[in-house]
Amino acid sequence: MKAAFESLPFLVDGLLVTLQITAIVVLISLVIGVAMGVALTYGSAWIRWPVRIYSDFIRGIPVLVLIFFAYYGLPAMGLNLDSFTAAVVALTAFKISHVIETTRGAIQSIHHGQMEAAKAIGLPFWQRLFSVIFPQAVRRFLPPWINTVADAAKGSALVSLIGVVDLMLAMQKVIGRTFEPMPIYIAGAIIYFLINYSLSTTSRRMESRFSYIRE
Amino acid sequence: MDYHFNFTYIWRHFDRLANGLVLSLELALISILIGMVIGLTLALVHTDMGWKARALVAVYVESLRNVPLLLLVYLVFYGVPSIGGFEYSAETSFVITLSLYSGAYLVEVFRSGLDAVPAGLIEAGKAIGLTPWQRLVHVRIPTMFRISLPSLSNTYISLFKDTSIASVIAVPELTYGAQWINFNTFRIIEVYIVITPMYLVTGYAILIGLRQIENRFAIGVRS
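Protein sequences appear in the order of chains S and C.
Using my numbering, you'd call the opening residue of the first sequence number 1 and step up by one each time.
Using my numbering, you'd call the opening residue of the second sequence number 1 and step up by one each time.
FYI, nobody ran anything at the bench for these hints, they're computed from the structure.
Take these hints with a grain of salt, some might be off.
[Said to hold, decoys possible] Covered stretches of chain C, going by a simulated chain S footprint (3 or more residues, C-beta under 8 Å):
| no. | segment |
| --- | --- |
| 1 | 57-66 |
| 2 | 128-141 |
| 3 | 190-197 |
The model shown is predicted, which means the values in this text are computed figures rather than measured ones.
By construction, the Cβ of each residue, glycine as well, lies at the ideal position given by its N, Cα and C atoms.
Just need the whole structure built from these sequences, with the hints factored in.
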């Protein structure tokens, strides 16, 4: 038990890396994912199909395979990424596909009459999108999106397998010294739990906060 | 790109991939079956018993759902035997982990399924004189299963993908086979060119198959 407390600073360093990866992945995937989600909903067939194929392709493969591919496969194709970048690239590519689907679902939940009404009063497309559709869709977007943020925090543990010293690998390293796996695993589990539980509670609270808009 | 494709080694070791794929499907299947027993039991406990039992179920569900699967895999494989003083194979340990993990997800699935059983149906059971146990076995559980079918198929597919994590404790499933070929022959890109369609085709084939079953048996709206 003493070892668990003494190793705490080391685990905190790892935790910071975990949080850093999660934050980068969440931010980039939010921007690209929403853009692609809008393209999937309103784009012409030439835009829709590549997005659809991308999303179905990425969601059909285990994240672990994507991470291994980014780290071991891309260098063979001439693209050398250090483990941190490879981890971020793989997790972002994966997370984008989820944001695409969440965006599409949120936009489609808005009655199409809203779009037609906005068209009728002469708003151009971008204004229809930003002033009419998005403010309504955001309530449907936020709860599932926060769940995917929690998923990103959990999923980031896999980056330890390509040598990024995140919380997971920091734990493994401490265990390599102390040979007492249980206290460290439990300490780590509690840290992950606190991050994820607070996120999923936020998501649930928001869902009930917005539940009045159910048709 | 200066890379010469050579699939010879992949085909030579293809049995590792094929057997790996079968093992992945088996691990997911055994785990979801055990997970369904856990999920159904705890969903009934949650629905029909007092707040203390509910709190215990909630602790189980939340503590498994909010911790990375990788950590759970390590915890069961390295952690538990270190204090329990016993050993089990990597496969057994992974199946235990994935069953407990899927159980935590299926509690929620079955619980909302039980909630969605129309009250009129249960009252009708009461009216024709069925005992509480008969209502459970002949009315509530069968209806609940038909309502939960779509979520069950989604859970199975995601468990199938989660089996890739078993590779970290050297369970020879598909990702482990790929990593083995990767490290022993260095035909890195070829391996991924072969296993990606294996995951995709299998995943979507299962999905289409299960959707057929859903069309036949499922009732209620898909959420």
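Hints and how they fare:
1. With a threshold of 8 Å between beta carbons, the proposed coverage of the segment 57-66 of chain C by chain S holds, since 4 of its residues qualify and at least three are required.
2. Residue count for the segment 128-141 of chain C with a Cβ under 8 Å from a Cβ of chain S: 0. That is fewer than the three needed, and the coverage hint is violated.
3. For the segment 190-197 of chain C, the stated coverage by chain S is satisfied: 3 residues place a CB nearer than 8 Å to a CB of that chain, which reaches the threshold of 3.
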